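Read off the chains here:
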Amino acid sequence: MSVELIIVSHSSKLAEGVVELAQQMAEDVRLHAVGGTDEGGIGTSFDRVQQAVEASGDAVVLCDLGSAVMTAESVIDFLDDDARARIRLADAPLVEGAVAAAVAAQSGGSLDEVLAAAESAAGSA
Amino acid sequence: MSVELIIVSHSSKLAEGVVELAQQMAEDVRLHAVGGTDEGGIGTSFDRVQQAVEASGDAVVLCDLGSAVMTAESVIDFLDDDARARIRLADAPLVEGAVAAAVAAQSGGSLDEVLAAAESAAGSA
Amino acid sequence: MAGVLDTAATVSWIRAIGAVIAEQEQHLTTLDRTIGDGDHGANMRRGFAAVTEKLDGEFADPEEVLKTVATTLISTVGGASGPLYGTAFLKGSMAVKGRAELDGAGVAAFIRGAADGVKARGKAEAGDKTMVDAWLPAAEAAEAAAADGADAQAVLSAAAAAARKGAEETEPIVARKGRASYLGERAIGHRDPGAESTAFILGAAE
Amino acid sequence: MAGVLDTAATVSWIRAIGAVIAEQEQHLTTLDRTIGDGDHGANMRRGFAAVTEKLDGEFADPEEVLKTVATTLISTVGGASGPLYGTAFLKGSMAVKGRAELDGAGVAAFIRGAADGVKARGKAEAGDKTMVDAWLPAAEAAEAAAADGADAQAVLSAAAAAARKGAEETEPIVARKGRASYLGERAIGHRDPGAESTAFILGAAE
Ligand SMILES: Nc1ncnc2c1ncn2[C@@H]1O[C@H](COP(=O)(O)OP(=O)(O)O)[C@@H](O)[C@H]1O
Ligand SMILES: Nc1ncnc2c1ncn2[C@@H]1O[C@H](COP(=O)(O)OP(=O)(O)O)[C@@H](O)[C@H]1O
Ligand SMILES: [Mg+2]
Ligand SMILES: [Mg+2]
Ligand SMILES: [Mg+2]
Ligand SMILES: [Mg+2]
Chain A
1 MSVELIIVSH SSKLAEGVVE LAQQMAEDVR LHAVGGTDEG GIGTSFDRVQ
51 QAVEASGDAV VLCDLGSAVM TAESVIDFLD DDARARIRLA DAPLVEGAVA
101 AAVAAQSGGS LDEVLAAAES AAGSA
Chain B
126 MSVELIIVSH SSKLAEGVVE LAQQMAEDVR LHAVGGTDEG GIGTSFDRVQ
176 QAVEASGDAV VLCDLGSAVM TAESVIDFLD DDARARIRLA DAPLVEGAVA
226 AAVAAQSGGS LDEVLAAAES AAGSA
Chain C
251 MAGVLDTAAT VSWIRAIGAV IAEQEQHLTT LDRTIGDGDH GANMRRGFAA
301 VTEKLDGEFA DPEEVLKTVA TTLISTVGGA SGPLYGTAFL KGSMAVKGRA
351 ELDGAGVAAF IRGAADGVKA RGKAEAGDKT MVDAWLPAAE AAEAAAADGA
401 DAQAVLSAAA AAARKGAEET EPIVARKGRA SYLGERAIGH RDPGAESTAF
451 ILGAAE
Chain D
457 MAGVLDTAAT VSWIRAIGAV IAEQEQHLTT LDRTIGDGDH GANMRRGFAA
507 VTEKLDGEFA DPEEVLKTVA TTLISTVGGA SGPLYGTAFL KGSMAVKGRA
557 ELDGAGVAAF IRGAADGVKA RGKAEAGDKT MVDAWLPAAE AAEAAAADGA
607 DAQAVLSAAA AAARKGAEET EPIVARKGRA SYLGERAIGH RDPGAESTAF
657 ILGAAE
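Chains as they are written, first to last, in the numbering used here: chain A, 1 to 125; chain B, 126 to 250; chain C, 251 to 456; chain D, 457 to 662.
Hints are not guaranteed to be accurate.
Said to hold, decoys possible - A few chain A residues that face chain D, going by a derived Cβ cut-off under 8 angstroms, partial list only:
1) LEU79
2) ALA83
3) ILE87
4) SER107
5) SER110
6) LEU111
Unchecked claim - Dumping the calculated SDA-like pairs for lysine to any residue here, alpha-carbon to alpha-carbon at most 20 angstroms:
7) D:LYS510 to D:LYS523
8) D:LYS553 to D:THR524
9) C:LYS317 to A:PHE78
10) D:LYS523 to B:ASP216
11) C:LYS317 to C:ALA411
12) C:LYS373 to B:ALA247
Hint data in this document are derived by calculation from the structure and do not stem from the laboratory. It should be emphasised that the depicted structure is a prediction, and the values quoted were computed from it without experimental measurement. Glycine is no exception: its CB is placed at the ideal position from the N, C-alpha and C atoms.
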């Protein structure tokens, strides 16, 4: 099973668009779009990030803004040690990091390799 | 009139999501979402980028991937000198650059100030 | 409020916060519109409305009340203040675990736990123009008052006064964390919305 | 193809490209699925189908034909190859401006213009595993053949052979531009789809 990606954004369209873009270059990778608040507004949803994390295997989380990062970190804090060991939070630009990470996951990269791919992504190729 | 942003993406959802996110912090800035091919598929549309550029005043263009950058550069090449003088192509991460640029435009930044805001955006704050 | 905060008094305090936040929604939104995205009032109102609905339940002790506030805020606020206040109430509740009621020292322990939680969650320091600038002086004032033997009510008052001053002192500085950090020098002269809501939370029992 | 490329022969060459691309769609897509996003065949088929529809019109000279190819590709391809081939045909057409027909030197001038255009548009160098690796040797071979007095047909053949060899030589290397650059070492052993389509374009008149 390849490493999965969880895309956390304030906008559901933005999260879905990132998944759409990254999926193109990584057909077999599971990509989770988690965007918007529970009411469909602009913001982040702790509960849906938590559901995505619980529904995933090894996964790298990418976020759009600082408040999304804090939401993701809170979710990770609530995980038990086993679950926490399979989740990494990337410090990466959202779109560029997601594409690079998706390609790394598609080629069978390990959790830390996929994380490194996200974090070394800079501009567009 | 504040500087405008043109968001060029392979995905229409992604472009619209970036606009949605950036608009939140920049109510009065004109943000143009140009995503997907003319048929609504994944890819970029030279014609719609050109229309956005022609419909805008001073504007900074942000792109998701290298092929979007090449599309935008082609559009810029076809502009006359007057039009070209009011367009800047940012070398910046799409989401992070767009948010930073939108805030700079909202506070009345000049074309080059908005460009610099986009290009100095790194991770999420 | 009494000299100690038992379970019922803790519930009353949280209800009072809900009322103050509802009253101040527009004010918080206005502050956030100036140096953020204009949703802090709505975020806080939504969060504390959900919290208030939960307060009719049964609670074993203050910790359980405060933990319910934490998990409810974290799930309903939808902005940076969700994980921040969620962490504040969670770490604060953990600091008073096992106490049937909070005396002055208990209240100070809660506020210190909350302040350290916010600081860790936000990776922010004093002077970054965030709610940390209200929480940190509040924790210091609370500890000083408790050390002087002040009761729960007096410790909370001391914390609230320090938080209010801390919120005011966010005005002349630039932001290094949160959305206002995008503004650079242009954030100068404007109060941080989260520091302001922290002052209201700690001052709600007055 | 004749010894010179007049307007009608230029149109015939472009028609032949459309036919070859349609035939090779699946092959190009397979290459792009391996080291890209799997749309190069569809992109090129869509682009040249639109081009072919335009070929029934009236054209004053080869430049006008080639410029029509350029603007049509740029508007219809939808991937990196759109601006790249669009720029190739545009800069190539500008290099033969004013000529009623292209002799060997004219064809070489077109290919050199196209190659330099692709290189500038993509900011790619030889060895970056892109279509530049087909265009640059093609331009060199075309110029050498033209200097030896070869006619249009022979110059195009020399360019096609060089492009084909260039495309094959993209296999053992890593990509430094385009989507394949995300793959690092894992791109080794796979041919670049754009270099392959360039070889088909230049070889279509055979
Ligand atoms: N990294 C951080 N550390 C501490 N506090 C922060 C941080 N980021 C934001 N804040 C606080 O959150 C407040 C904004 O909350 P809110 O408007 O609800 O969230 P958002 O910024 O996601 O819209 C800010 O005024 C600030 O006090
Ligand atoms: N920067 C570049 N410079 C030169 N050629 C490039 C560049 N980027 C991509 N290409 C070429 O474009 C081809 C891919 O075209 P295509 O699949 O149609 O576009 P996309 O990559 O947008 O899906 C690559 O095989 C390569 O030859
Ligand atoms: Mg806000
Ligand atoms: Mg918000
Ligand atoms: Mg492709
Ligand atoms: Mg493509």
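Going down the list of hints, with the structure as the test:
Hint status for LEU79 of chain A: violated, given a least beta-carbon distance of 30 angstroms to chain D, over 8 angstroms. The closest approach between the C-beta of ALA83 of chain A and any C-beta of chain D is roughly 29 angstroms, which is over the 8 angstroms cut-off, so the hint fails. Of the supplied interface hints, the one on ILE87 of chain A is violated, with its beta-carbon coming no nearer than about 23 angstroms to a beta-carbon of chain D, more than 8 angstroms. Annotation: SER107 of chain A was flagged as interfacial toward chain D, and the flag holds, the nearest CB pair being 5 angstroms apart, inside 8 angstroms.
Proximity of SER110 of chain A to chain D is violated relative to the hint, the smallest CB-CB distance being about 14 angstroms (cut-off 8 angstroms). Below 8 angstroms, beta-carbon pairs count as interface contacts, and LEU111 of chain A has none with chain D, the closest being about 18 angstroms; its hint is therefore violated. With a C-alpha separation of about 11 angstroms, the suggested pair LYS510 of chain D and LYS523 of chain D falls inside the 20 angstroms cut-off, and the hint holds. As the CA atoms of LYS553 of chain D and THR524 of chain D are separated by approximately 13 angstroms, the hinted pair is consistent with the 20 angstroms bound.
Distance restraint check for LYS317 of chain C and PHE78 of chain A: the Cα-Cα separation of roughly 13 angstroms lies within the 20 angstroms cut-off, and the hinted pair is therefore satisfied. The straight-line distance between the Cα atoms of LYS523 of chain D and ASP216 of chain B is roughly 30 angstroms, outside the 20 angstroms bound, and the hint therefore fails. Restraint check for LYS317 of chain C and ALA411 of chain C: not satisfied, since their Cα atoms lie roughly 25 angstroms apart, outside the 20 angstroms limit. The straight-line distance between the Cα atoms of LYS373 of chain C and ALA247 of chain B is roughly 17 angstroms, inside the 20 angstroms bound, and the hint therefore holds.
Comparing the model with each numbered hint stated earlier shows that hints 1, 2, 3, 5, 6, 10, 11 do not hold.
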